[in-house]
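Protein chains in written order, with my numbering: chain A, 10 to 188; chain B, 624 to 971.
To be clear, the hints were calculated from the coordinates, so they are not data collected in a lab.
Quick caveat, the model's predicted, so the values are computed rather than measured.
Hints may contain errors.
FRET-style restraints, in silico, Cβ to Cβ [what the hints assert, rightly or not]: (1) B:Ser629 / A:Leu58: 10 to 20 angstroms; (2) A:His172 / B:Thr909: 37 to 47 angstroms; (3) B:Ser629 / A:Pro119: 14 to 24 angstroms; (4) B:Tyr714 / A:Lys170: 44 to 54 angstroms; (5) B:Ala716 / A:Lys134: 18 to 28 angstroms; (6) A:Phe55 / B:Trp728: 49 to 59 angstroms; (7) A:Thr49 / B:Trp645: 27 to 37 angstroms; (8) B:Val922 / A:His172: 42 to 52 angstroms; (9) A:Pro11 / B:Leu921: 54 to 64 angstroms; (10) A:Thr59 / B:Trp645: 34 to 44 angstroms; (11) A:Gly179 / B:Leu766: 44 to 54 angstroms; (12) B:Gly913 / A:Met10: 27 to 37 angstroms.
Positions of the beta carbon are idealized from the N, C-alpha and C atoms, including for glycine.
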Amino acid sequence: MPRFGMVIDTLKCVGCMDCVVACQTENDVPQGYCRDWIVTETRGAFPNLTLEIRSERCNHCDNPPCVTCCPTGASHVEDFGRTVQVTANQCIGCKACLAACPYGARFVHPDGYADKCTFCLHRVKEGKDPACVSVCPTHCMAFGDLDDPKSEVSRLLASRKYHTLLPEAGTKPRVFYLT
Amino acid sequence: MLEITSTRHNPLVDPVLSVWSWEIPVYLFFGGMIAGMMILAGLNMLRLAKGERAEGFYSVQTPILGFILMNLGMGALFLDLAHKLFVYRVYMAFEPLSPMSWGSWVLLLVYPVILVSALIRLPQAWPWLGERLPVLQRLSDALVASPGKIRLLGGLNVGLGIALGIYTGILLSTMVARPLWNSAILGPLFLFSGLSAAAAMVHLVASLVPGHPAPRSFLGGALAMLVQPLGDRPPEPRTADGLIKADLGFLAIELVLIGLLFIGLLSSSASHVAAVDLLVSGKYATVFWGVVIVAGILVPLALQWLELGHRIPHTVIPAVLVLAGGFALRWVMVGAGQASHMVAAAGF
Ligand code: SF4
Ligand code: SF4
Numbered sequence: 010m011p012r013f014g015m016v017i018d019t020l021k022c023v024g025c026m027d028c029v030v031a032c033q034t035e036n037d038v039p040q041g042y043c044r045d046w047i048v049t050e051t052r053g054a055f056p057n058l059t060l061e062i063r064s065e066r067c068n069h070c071d072n073p074p075c076v077t078c079c080p081t082g083a084s085h086v087e088d089f090g091r092t093v094q095v096t097a098n099q100c101i102g103c104k105a106c107l108a109a110c111p112y113g114a115r116f117v118h119p120d121g122y123a124d125k126c127t128f129c130l131h132r133v134k135e136g137k138d139p140a141c142v143s144v145c146p147t148h149c150m151a152f153g154d155l156d157d158p159k160s161e162v163s164r165l166l167a168s169r170k171y172h173t174l175l176p177e178a179g180t181k182p183r184v185f186y187l188t
Numbered sequence: 624m625l626e627i628t629s630t631r632h633n634p635l636v637d638p639v640l641s642v643w644s645w646e647i648p649v650y651l652f653f654g655g656m657i658a659g660m661m662i663l664a665g666l667n668m669l670r671l672a673k674g675e676r677a678e679g680f681y682s683v684q685t686p687i688l689g690f691i692l693m694n695l696g697m698g699a700l701f702l703d704l705a706h707k708l709f710v711y712r713v714y715m716a717f718e719p720l721s722p723m724s725w726g727s728w729v730l731l732l733v734y735p736v737i738l739v740s741a742l743i744r745l746p747q748a749w750p751w752l753g754e755r756l757p758v759l760q761r762l763s764d765a766l767v768a769s770p771g772k773i774r775l776l777g778g779l780n781v782g783l784g785i786a787l788g789i790y791t792g793i794l795l796s797t798m799v800a801r802p803l804w805n806s807a808i809l810g811p812l813f814l815f816s817g818l819s820a821a822a823a824m825v826h827l828v829a830s831l832v833p834g835h836p837a838p839r840s841f842l843g844g845a846l847a848m849l850v851q852p853l854g855d856r857p858p859e860p861r862t863a864d865g866l867i868k869a870d871l872g873f874l875a876i877e878l879v880l881i882g883l884l885f886i887g888l889l890s891s892s893a894s895h896v897a898a899v900d901l902l903v904s905g906k907y908a909t910v911f912w913g914v915v916i917v918a919g920i921l922v923p924l925a926l927q928w929l930e931l932g933h934r935i936p937h938t939v940i941p942a943v944l945v946l947a948g949g950f951a952l953r954w955v956m957v958g959a960g961q962a963s964h965m966v967a968a969a970g971f
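Could you put together the complete structure from these sequences and hints?
Encoded structure:
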């Protein structure tokens, strides 16, 4: 069984937000909400500044606190691809998972249930890439099976330097940022 | 320098998490107070089972009030849910790693124990009902006449009370993402705060209409049973003094636990230190210092100390202050805890 992950090259990302728009269109994300977003991080002291632009989303963590805290099992790890998903008609809207996610990746859908990035599982099941990956004009994103050493994501992680977000949270995120 | 900008703008999540408003603090406050009332009542039931007289222990008479408060707390929790129609889903699963799941099942056990506990007093406290449902009187008599049953009920009250009180803290403390809550102290802190609120509540209601026979009318009896001690004489002074002494202990322990919480967080990571700042000098500082610490703990400690020494007359003021402080503690912890977040590590 695959273990899906995403690799994003921060040296290529220009923050154009095509991924954000593609996600909103593909997944019918309600107006005023977003499942993915762009973060710009500037570090250092002038003139020695570094800039990193990242497309962020749910990290489909290997150790997801949003799943363990859920009282109904609505938040769960899907067998296919080990992705983290929410079953809307099991969710009571208690918002514990929103508080438990260190990345602020979730929101309450106007219909009342917890919502977030699904890694476009409906597309992946058809053999396609997630909408954000397929639309990126700089091809800065790759999606695939982290457990398959021959997949593009595994090869990128084996050949490049990378980091994850807030690794100290112990969530073991599966979205990796190449630097 | 570290400057972060984000295009994310999700309601209730950005710029700081604010998914829980007044409902969850109300739920946690009532939950903690009911837990405390169960523990006080349970301990006194254990003494009753040994043959002590019931009049001295007003807390044994409070489960009916506890039942009403419990429903108010659960009502607040229900109001908070965003997907209300699916609330039954909580009881279609048991998630062993989810404190909220544990809490929901514990609450399901608490209800029958509170209702059976209420039977000890219900027929006498609400004569209108007692006369129309003689079976209640028979059940009450059977319960009161059996020390074994009272002992079991007392044990269940104490055990479930401790579980419920700690749960109200554990619910928050398991969330690594919210540094202010990352402390095992939060469970005991909410438990002792619940106990002090319970002692204050029992004291408050026992002082409202002391020493009258229970009204025989439907409505008068229904209202009086919530707040009126049984018997036509006011509760013995040892009831009030016992509650004040207990409250002094609970408040002192609460103060120590808040100190330990701060020491633990301040000696932890940058995220935890920043979280403490929210309470000590940030947006929540006024309510924290003014209402939780000074008005809710220090002033009632001093007033009750003077009352015990008979240097000032007994009033309900300390009890009211303790209740206000107990609620403010939940409100501050829920609000500031959500605002606290993990600070991005320097360098990558
Ligand atoms: S990023 Fe947040 S919502 Fe996504 S799996 Fe991790 S903890 Fe859960
Ligand atoms: S909001 Fe829904 S998915 Fe999230 S923890 Fe509550 S029940 Fe689970």
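Supplied distance hint 27 to 37 angstroms, evaluated on CB atoms of Gly913 (chain B) and Met10 (chain A)
Between Gly913 (chain B) and Met10 (chain A), where Cβ atoms are some 56 angstroms apart, the hint is violated.
Given the range 44 to 54 angstroms, decide if the beta-carbon distance of Gly179 (chain A) to Leu766 (chain B) lies inside it.
holds (50 angstroms)
Do Ala716 (chain B) and Lys134 (chain A) keep their Cβ atoms within the hinted range of 18 to 28 angstroms?
Check passed, 25 angstroms falls within 18 to 28 angstroms.
Can you tell me whether the CB distance of Val922 (chain B) to His172 (chain A) sits inside 42 to 52 angstroms?
holds (50 angstroms)
Assessment of proposed distance window 44 to 54 angstroms (beta carbons of Tyr714 (chain B), Lys170 (chain A))
holds (49 angstroms)
Within 10 to 20 angstroms: is that where the Cβ-Cβ distance between Ser629 (chain B) and Leu58 (chain A) falls?
Cβ of Ser629 (chain B) to Cβ of Leu58 (chain A): about 18 angstroms, so the range 10 to 20 angstroms holds.
Is it true that the C-beta distance of Ser629 (chain B) to Pro119 (chain A) lies inside 14 to 24 angstroms, as the hint says?
holds (21 angstroms)
Taking the Cβ atom of Thr59 (chain A) and the Cβ atom of Trp645 (chain B), is their distance within the range 34 to 44 angstroms?
The hinted range 34 to 44 angstroms holds for Thr59 (chain A) and Trp645 (chain B), with Cβ atoms some 43 angstroms apart.
Per the hint of 37 to 47 angstroms, is the separation of the Cβ atoms of His172 (chain A) and Thr909 (chain B) within bounds?
holds (39 angstroms)
Could you check the hint for me, namely that Thr49 (chain A) and Trp645 (chain B) are 27 to 37 angstroms apart, CB to CB?
holds (35 angstroms)
Take the C-beta atom of Pro11 (chain A) and the C-beta atom of Leu921 (chain B), compute their distance, and say whether it sits inside 54 to 64 angstroms.
Check passed, 59 angstroms falls within 54 to 64 angstroms.
For the hint 49 to 59 angstroms, verify it against the beta carbon of Phe55 (chain A) and that of Trp728 (chain B).
holds (57 angstroms)
Consistency note: the structure conflicts with earlier hint 12 alone.
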